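Student: So the sequence lines, in the order shown, correspond to chains A and B.
With our numbering, letter number 87 in the first sequence gets 104, and the count goes up by one each step, no holes.
With our numbering, letter number 115 in the second sequence gets 146, and the count goes up by one each step, no holes.
None of these hints come from the bench; they were simulated from the model.
Each statement offered as a hint is correct.
Rough simulated footprint, nothing fancy, chain B against chain A, three-plus residues with beta-carbon under 8 Å:
hint, segment
1, 41-49
2, 106-115
If you want a taste of the chain A side facing chain B, the calculated C-beta under 8 Å gives, among others:
hint, residue
3, MET53
4, TYR56
5, MET118
6, LEU121
7, ALA124
8, THR125
To list a few chain B residues with every Cβ distance to chain A over 12 Å, as calculated:
hint, residue
9, LEU89
10, PHE103
11, PRO113
12, TRP115
13, MET124
14, PHE135
15, LEU144
16, PHE148
17, LEU149
18, PRO196
As the structure is a prediction and not an experimental result, all values here were calculated from the model.
Quick reminder that beta carbons are idealized off the backbone N, C-alpha and C, glycines included.
Residue-level listing of the chains:
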Amino acid sequence: MPSLPENGPNGRYGDDMQDRAPLAAFALMRVLLGLMWIYEGIRGAPWSVPSWVAGILLLIGLFTSLAATLGVIITLTVLANSHSPAAWGAWPWIYWLIILMQILVAATAAGRVFGIDSILARKRPRWPLW
Amino acid sequence: MNDSILQHSNTPVLYASASRWWAWWLRLFLAAMWLTQAIGKLNPSFGGIRGIVRVMALGNSAHPEGNPVGFFKRFLLDYVLPHWQLFGLLVTMAEMAVGLALLFGVATRLAALGGIFLQLQYAFGRAYLEWSFVYPAIILALIVLVWTAPGRVLGVDAVLARKWPKWPIW
Numbered sequence: 018m019p020s021l022p023e024n025g026p027n028g029r030y031g032d033d034m035q036d037r038a039p040l041a042a043f044a045l046m047r048v049l050l051g052l053m054w055i056y057e058g059i060r061g062a063p064w065s066v067p068s069w070v071a072g073i074l075l076l077i078g079l080f081t082s083l084a085a086t087l088g089v090i091i092t093l094t095v096l097a098n099s100h101s102p103a104a105w106g107a108w109p110w111i112y113w114l115i116i117l118m119q120i121l122v123a124a125t126a127a128g129r130v131f132g133i134d135s136i137l138a139r140k141r142p143r144w145p146l147w
Numbered sequence: 032m033n034d035s036i037l038q039h040s041n042t043p044v045l046y047a048s049a050s051r052w053w054a055w056w057l058r059l060f061l062a063a064m065w066l067t068q069a070i071g072k073l074n075p076s077f078g079g080i081r082g083i084v085r086v087m088a089l090g091n092s093a094h095p096e097g098n099p100v101g102f103f104k105r106f107l108l109d110y111v112l113p114h115w116q117l118f119g120l121l122v123t124m125a126e127m128a129v130g131l132a133l134l135f136g137v138a139t140r141l142a143a144l145g146g147i148f149l150q151l152q153y154a155f156g157r158a159y160l161e162w163s164f165v166y167p168a169i170i171l172a173l174i175v176l177v178w179t180a181p182g183r184v185l186g187v188d189a190v191l192a193r194k195w196p197k198w199p200i201w
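Can you make the complete structure from the sequences, with help from the hints?
Tutor: As structure tokens, this is what we get:
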């Protein structure tokens, strides 16, 4: 019976080279989400302060899981206010897509590829923040 | 463990890399999105794409200047609008095909590339009317599907990849 892929030596996906190449796709996703939240901060939406925090953390790959969780919370807030002119429009699929992308970024620990989390994870591999 | 994954990287399900499992969720979500859009266009209450194309080209009250992408505006006005029924049918069929391919995991990478092509058309037509990250987000999600080939997890591509492992479309 073949076994499922195991986690890497640090206990999370992306720790071994085999996983790292495709996980770069999720790192790219992390960078786009970071730019998106920074854009939200620049355009002065009502959720701009947490947007700046989530955006910068996601962009540099620091505390990625925490930042992505913050992003999910902000997105749910925007969705709850989707009638507001500052929201992202009335098409609900985009909100759920952004939420799913952030969940995937958190789940795959995308900050460990091309991010500061890769350094932190070497020192504290079991911490769930990265 | 690494050797077993390397050795069996084209075999389905149990040896698939972890990232493919995560991308599988994205595949299902995007399949549902495409199918919902296509089915919505088949609904008799749907007003047809004529009005949508007109807005894409000429703008709305918030954007009376019209589409800033000159060549695409001309394409919409000269070719799409006069034949809007044909283009409406083609778009609906293309969305249905992408949705079904992603749902069943058939030629997933090819389907995702088709989805990117469709989204680029929408982006040229509608990006100036909408929130800036709508189309980049969808296109990036489709790029992740091309990159990770999630049709090889719980999809027909798992079988196809075993027979033709070198083909890049799954």
